[in-house]
Amino acid sequence: MTKPAHNEPGKNVPGLTDILKDSYRKLNRRHRNSALLTGSMVLLFGVSLLILTEQFFYLSPAVKISYWIGLIAISLISGYAVYSRREFNSFRKFCRKLADARSLPELTNAIDFIYNDRSENSRFFELALEQNLKKVKRADLKSSTQEYTSESTVTGKFRKFGMLSILGLIMVLVAAFTLPDSLNRSLAAWESYKKPNPFSYTVLPGSITLEQGNGFQPTIRFNGERPSNLSLAFKTDIEEEFRSRQPSERIEDSVVFASLSPNTSGTYYFEMDGYESEDFRVEVQLLPRFKSLSVAVVPPAYTGLDSTSYSYPFSTIRAYKGSTLRLSGKPNKVLERLTLIRKTVPDTVMVNSIEEESGIFTYQFELTAVDTLSFSMSDGFGLSNKNPFEFVVEPLEDEYPFVQLNRPEGNLEMKNPEDLVLEYEASDDFGLTGARLHYEIRRAFKQNAETQNTSIPLPALNRSETYEWTLNGLNPKPRDVINYWIEVSDNDQINGAKTSRTRSLTITFPSLTEFVDELENRERNAQETLQDISDSYEQMQQEYDRFKEQLQENPQGDWEQKQSVDQIKKQQEAIDEKVKELNEEFEKIRQEIDNSDLLSEESRQAYEELQKLMKEIDDPELAKALEELQKALGNVSQEELRKALENYEFNEQQYQERLKRTLELFKTLKLNSDLDKLAKAFEELAQEEKTLSEQGQNNAEEAGKQEAVQEDLENLQKELEKLSDNPPEKARGKLEQMQQETREELEQARKELQENIEQLRNNEGNEQDNNSINKQQERLEQQFNQLSQKMQNAQQQLNQQRTQVNIAALQYILHSLINLSQNQEKLSQETSQLASRSQAFVEKAREEKQIQQQFTQIADSLFKVSSEIPSFSNTINRKKNEVSNQLATAVEQLAERDKSRAIFAERQSLGGINELATMIASLLDQLQNSQGQGSGSGSMTMQQFMEQLKQMSGQQQQLNQQIQDYINDIQGDRLSKDQVERLNQMARQQNQIRKQIEELQKRGGMESGDQVLSELERLSEEMERTINDLRGGQTDPTLVKRQQNILSRMLNAEKAMQERGEEERREGTSAEEAPNSVSPDVTIEELQQRIRNLLNDPNRTKFNEDYQRLIEQYFELLRNLQTGQDTSAVN
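Just so you know, the sequence shown maps onto residues 42 to 1172 in this note's numbering.
No wet-lab data here; the hints were simulated from the structure. Heads up, some of the hints might be wrong.
To be verified - Keeping only pairs whose Cα atoms sit at most 30 Å apart, straight-line, the calculated DSSO-like set for lysine-lysine is:
1. K487 to K276
2. K276 to K332
3. K940 to K890
4. K701 to K518
5. K905 to K991
6. K67 to K183
7. K518 to K991
8. K235 to K276
9. K665 to K603
10. K665 to K611
11. K610 to K539
Owing to the predicted nature of the structure, the values given are computational and were not obtained by experimental measurement.
Between the sequences and the hints, there should be enough to build the whole structure, so can you do that?
Below, the structure written as structure tokens:
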């Protein structure tokens, strides 16, 4: 049997706790409401007080706003203070206070048992809880809680604050109904109000309108009481503050002030015992006239001329007959009547088309004959104009058309077909109906010429136009010739269209070998000229050595020695002339390279660097030193002769180093150029093979083309063998290895080519033979592409290897210079502590000699590195030689025990070493940056900019044609779904071009305000309108005209960039070296700051940590030595 369950003593607990919790919640609600009522009470009483105060005192906005902020803050604080004083923090505390107040200890015990978790599961807990609950009756508990709740202090506060809040609300409502103005002013705390004026008065003349130059006399007449203090405040519209005036006369009840004659409109009012009258306006009116008058001349549409605008003053306007004259003017005031008077053609026009908002009138008419125009105007005040603004219009007559080709100036040769910009001009008073480019192509291996013509843009009247002629579309080949000329037609409607043509020019496409051979010969001639200059210089050096021998035999100088110097000078002048000719020839070579795409951008930049160095060979300092030597020979002073000899030998050494360095750099440059040309040549052969295989004609004519390719291949093989004739020594090994590998490939390609020629000649036209021939041509294409890639790889490997070796060498040189600077600083400190004429100077001279020898080794290494780096400035080599001379002077002075001069020479050489280290660090940083950046996405070069712009012009032209075709297809039809999609596709194409335009603006490297940059911005805006029209389905004639304008502007921008590039090349000047002056000593702090700037520059490549630590240790040691020296000097 199941054991009966015991009774549950806690079954009455929920009922008791519900009664208690209801009372607890009620008290809490009253407590919260008491807090809200407290805040409301304070706010309502505060508002009542503010309304009463505002009624009498007209508080300022600052006071009212501060009062509102304070009142709201006090209300919130009061409410929070009441709320924070809670009588019951918990339900348990509430039950205890209830039990204590109503003498219910059993309730307290029961609540303690209920909330005691430790005894909840024990039998003892159940019995104790049951015993206490028996003593608590539900009805008694409910009545007790109600009485306690009603008598609680929380309930008392709730009732009290409720009554006070109601009282405050009543006060606010009473004030709102009895003092509405005060209430409105209190609520609009940010507004400023004034007390009403207690005086009764009349103001004469009040608000008034005056003609400019007239005046008025303000008068105020009082009715009743008069103020004791009265003044007039007046200001014009251009003034910020009112000016105060005192009365000039009092007549009974009237007060008169002095007359006012304002030039501009203004405002005045009266001040009386702290009160102010209302404001009165004084309007000053001018005689009617035009503030601006302009005439826009719109020529007839068929003339193609742009509109012209004239701004008054003007007396005569000339325009083509039939032009529309659009007059627009803005009067200086609102007019009641405006009349246009035409005298020659009797006509008087009342012009009423004045825009209300802008006040501008417009009127237009067609010009047919000479006429005189004038205006008559009047305003609402009856004022009329004195200036009639009279002018004459005259029509211009028609003339015959004219056309001229400005660019190119003569016949051209092109290695590859490239876009040719034709600059031409044509004019006709009434416009041109058409312009066409005529050309005939004489193909190699063909008898008959191909004659074609194409329409080109019409130039604006009396202005040049450009047309970018895409020769790639003509597919010209080597040995082809193109003759071309431009023909224009006018729109003479009486005698019929007349045509004019320019002179005929020729474009010749030389064969590959002809172009490469020509460029190779010119480069080889330049190298031979440079070598000839070097040989001539050696002869001059030998002549100078003989002169020095004669000078040693006879230090006093004689006629023979002067003759030797004269001979040296003549030789120097001859060398200078050769250098000048060399620079001119090299400039032609560089221009030829710029006009073709045969070399890479890196090789072109190297050519420019080398050209700068060539211009620096001809140093005027050497000629100046030679003249000083001639003068010194005529003087008796041996000291001046010695200085002249030292100066000449120093500059002669500089000249010799520049010459040797340029010769070595030219070898490297020529090797790069040759590899570039070979790579391009093989690439072109591959392209020719690809064209042959794709055409698939396989006849005797194609065999002739392959024979031309075979001839080119043999010439390229000869050029390849010449690479090792006179290359840089470091590249000789890799070149010979590359030549050996390439010979086998060339031999195989030659055999394949010979077989293909034989197959072409013996081809019977069957499909099997054709397939065999085409496959063989494809293999030749692949072989030529591989050879081209091999040339490019060889060039890149040689350049990378050279750059890495040079960077490592410069790092070693910089490290050595820093160590050498430390040793020189230490030696200078020790020398300064020696006694004059001390025997220790001999030992210091030996140490200085060791430093000199170490520097000589560094200098030799530095010169070798300079012969490998085109961007290496000649200033560094010059500074190197200066330091070398300074170290030699320091050794000499130490050996002679001359302390002051020895210290000076040591400090001077130390400054030179530090400055040289700074130069090397900057150069090293530049090389590391250029190596790391590669082809980054920085600013574009001018050539890249022009190529990108040219490509976008082609895209825009294609898009314009698509839009025109689309408009022709849909005329008269409703848009279908496919047509809408086609519009969206064209909008996307236009958006892509617009994004490319924005990219050009960012990467073009142009400054704000640049003409081309402004043109690109306008292009972007026009394209945005086109995109919106296409997306909206608007394809009216305005869209077509806008697209034509966009293309025209793009071509004009391209032309401007081309002209800018030519101008920069024409205005380029040779680089000048820094003046040959001895730099002052570089202090430790200056050198440290220079190098730290390089280390911390975020735009430069960082030195590695080892070098940075070495540099910091070096400067720390220098500072310690400097401190020790200063301390010893003080002692």
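Q. Among all the numbered hints in the text so far, which are the ones the structure does not match?
A. Violated: hints 1, 4, 5 and 11.
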